[in-house]
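Construct the entire structure; sequences and hints are all you get.
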Amino acid sequence: MLTPVLSRNWGDADSFTLAGYARHRGYEALPKALAMEPDALIQLVKDSGLRGRGGAGFPTGMKWGFIPQGPDGQGAKPHYLVVNADESEPGTCKDTPFMMANPHALIEGVIIASYAIRAKKAFIYIRGEIVHVTRRLQHAVAEAYQAGHLGTDIHGSGFDLDIVVHAGAGAYICGEETALLDSLEGYRGQPRLRPPFPATHGLYASPTVVNNVESIASVPSIVLGGAQWFGAQGTEKSKGYTLYSLSGHVKRPGQYEGPLGLTLRQLLELGGGMREGHELKFWTPGGSSTPLLTAEHLDVPLDYEGVAAAGSMLGTKALQCFDETTCVVRCVLRWTEFYAHESCGKCTPCREGTYWMVQILQRMENGNATEEDLVTLLDTCDNIFGRSFCALGDGATSPIVSGVQLFRQEFMDHINGTGCPFDPVASTVFAGAHA
Amino acid sequence: MSGSDKITTDLGMPGTATVPAGVPPLTEQTRREAREIITRYPQPRSALLPMLHLVQSVQGYVSPDGISLCAEELGLTKAEVGAVATFYTQYRRRPAGEYHVGVCTNTLCAVLGGDEIFRQLKDHLGVGHNETTEDGTISLEHLECNAACDYAPVVMVNWEFYDDQTPASARDLVDKLRSGQPVAPTRGPDRQCTFKEMSRVLAGFPDDLATQGVQAGPATLAGLQLAQQRGETAPAYPDEEKS
Chain A
454 MLTPVLSRNW
464 GDADSFTLAG
474 YARHRGYEAL
484 PKALAMEPDA
494 LIQLVKDSGL
504 RGRGGAGFPT
514 GMKWGFIPQG
524 PDGQGAKPHY
534 LVVNADESEP
544 GTCKDTPFMM
554 ANPHALIEGV
564 IIASYAIRAK
574 KAFIYIRGEI
584 VHVTRRLQHA
594 VAEAYQAGHL
604 GTDIHGSGFD
614 LDIVVHAGAG
624 AYICGEETAL
634 LDSLEGYRGQ
644 PRLRPPFPAT
654 HGLYASPTVV
664 NNVESIASVP
674 SIVLGGAQWF
684 GAQGTEKSKG
694 YTLYSLSGHV
704 KRPGQYEGPL
714 GLTLRQLLEL
724 GGGMREGHEL
734 KFWTPGGSST
744 PLLTAEHLDV
754 PLDYEGVAAA
764 GSMLGTKALQ
774 CFDETTCVVR
784 CVLRWTEFYA
794 HESCGKCTPC
804 REGTYWMVQI
814 LQRMENGNAT
824 EEDLVTLLDT
834 CDNIFGRSFC
844 ALGDGATSPI
854 VSGVQLFRQE
864 FMDHINGTGC
874 PFDPVASTVF
884 AGAHA
Chain B
5 MSGSDKITTD
15 LGMPGTATVP
25 AGVPPLTEQT
35 RREAREIITR
45 YPQPRSALLP
55 MLHLVQSVQG
65 YVSPDGISLC
75 AEELGLTKAE
85 VGAVATFYTQ
95 YRRRPAGEYH
105 VGVCTNTLCA
115 VLGGDEIFRQ
125 LKDHLGVGHN
135 ETTEDGTISL
145 EHLECNAACD
155 YAPVVMVNWE
165 FYDDQTPASA
175 RDLVDKLRSG
185 QPVAPTRGPD
195 RQCTFKEMSR
205 VLAGFPDDLA
215 TQGVQAGPAT
225 LAGLQLAQQR
235 GETAPAYPDE
245 EKS
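Quick mapping for you: the protein sequence lines, in order, are chains A and B.
Heads up: the first sequence begins at 454 in my numbering, then just goes up one per residue.
Heads up: the second sequence begins at 5 in my numbering, then just goes up one per residue.
Hints are supplied without guarantee of correctness; some may be wrong.
EDC-like mimics (lysine to aspartate or glutamate), calculated; alpha carbons at most 20 Å apart, straight line [stated by the list, open to error]:
hint, chain 1, residue 1, chain 2, residue 2
1, B, K82, A, D635
2, A, K704, B, D167
3, A, K485, B, E245
4, B, K82, A, E638
5, A, K574, B, E40
6, A, K485, B, D243
Don't read these hints as lab results, they were simulated from the structure.
In structure tokens:
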């Protein structure tokens, strides 16, 4: 059930060094890739079925194939690869430990991907709030230059590549790919209107691929193992392996790498189950922007199709599990505060809507809300969803709409009673202990 | 602005900017390093975020002088630079503590204890959100999710991870920071860097601490260790298959 590929070398104390990566076949895919035609590499990634691991699940090879090539028009402009390492979706915690433990797998993937799309410059846009991970990436890039994996005429192939590790400065919205590009260009990180898409008009209005860390880091294994090897893992339309991040009221939270399509029931078994004497109340399949699920959904296959069929989204496989001591209204309020804080302000529905939803949810949690407030809350969601400039607005409505759908009575109890009936101490990890 | 000195910098800028007492001025070296950052990018303006981190690495915040320096080097107006600096939460608009202590109070950490940790730290330090202790050592802030949910509740000091915190461990942490005792992040270097040291790394000038600290914490290794116990592996690559 567990299939460590990205995590296979994490147990070694020097896993983050070039030597530690090389011991596990690190940088063996690189010469193989450089001996291939770039278009053949794009085809290989298409054939593998790899889909974007940043949440949206768009086929990675297809994204690469959209890059215009050739001497004319947009194809003649410099091409760029930008790695989205701005991991900030609440609950999502896979790329951060991965880059801390195994940055070279990402670097090798960046080199191969850049060669495939014919980019001579790649950027790793890393969230500014994880400084030790930034250090590890800087160190890995320096080691890769020393080893001749980066720079000019890499291993005699004639291919040149430079990588810049670029730290952000604290803005969730920069995980949205066009906002990330604006930020990388030195502007406020606000999303762009699409089309044109980054594939033709991305960084500096040039052809640009923006890929998630895990997607790019999966590429060396596809080069080594082949499309069939990769595609034999996972499910029919969601192929390959992935990192599942288990967190919350579980006995052994952490990173579990396995094929796509495992269920939360299976993962909870691996993680030792919910904490002693408690049961699962609700969970997110892939961060706070993916609608909440409950124990009814324990057997939903965690792949793109399975979770969508259950009314949610696979997202980042950030499995935040909450037990029965947890107040859903409190959680939904806190997530809504997050979206209000992170709304970039560009479009009115998201900027104003999230602000007002926080007010209403605070009234509920404090016991000052009316039934009409609940109607207004859902009405506001209706006016944000599908009417916002980017997915942040849509995401902001997910916990509210799904929370009310699944736990309407609990919302009503907050309205009809005297505010929150839950004891917040009971849901802490140090409940019962002297802290 | 009592206690502030009016300082004319040697950067060729109008001598109107004031730098509060105790804040070192930007120097010619700062300007050289800013220009070095610019050379990393195909277009100069891409250097703005790291340049603002650089300014913070010298002065501890984005000062009016720092905004002027960035504007001059990039050919932007100060308003354009200020508009960017105020968008991102890591840029400080005024001098703050040497140690930036952030308690994650996004949903999962909050529920698992982050709210209680933040409440107790406020009481213990006598400051609120985004405030600095009178001795200037600690600025307190509540954070959004910092990508360490499997180590909740999480506290960050200058963006280094302090995992699996309790109110008691967090109080102890800030006490040590205030009294100058050594502390080290759970997953990070062997010592805690200052805000300015950390900002220099974010500006793209590496320190020599990358190889210090664990490669992975226990939660990161949970799945791998279980796989090893159970003898589970990924399918072999075709060239590894035993004939």
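Here is what the structure says about each hint:
1. Taken as a hint, the K82 (chain B) and D635 (chain A) pair is honoured in the structure, with Cα atoms around 19 Å apart against an allowance of 20 Å.
2. With a C-alpha separation of about 16 Å, the suggested pairing of K704 (chain A) with D167 (chain B) holds against the 20 Å cut-off.
3. Proposed proximity of K485 (chain A) and E245 (chain B) is supported: the alpha carbons are some 18 Å apart, at most 20 Å.
4. At most 20 Å may separate the alpha-carbon atoms for a hinted pair to count; K82 (chain B) and E638 (chain A) meet this at roughly 17 Å.
5. Taking the CA atoms of K574 (chain A) and E40 (chain B), the gap is about 17 Å. The hint holds against a cut of 20 Å.
6. At most 20 Å may separate the alpha-carbon atoms for a hinted pair to count; K485 (chain A) and D243 (chain B) meet this at roughly 13 Å.
In this structure, none of the earlier numbered hints is contradicted; all agree with it.
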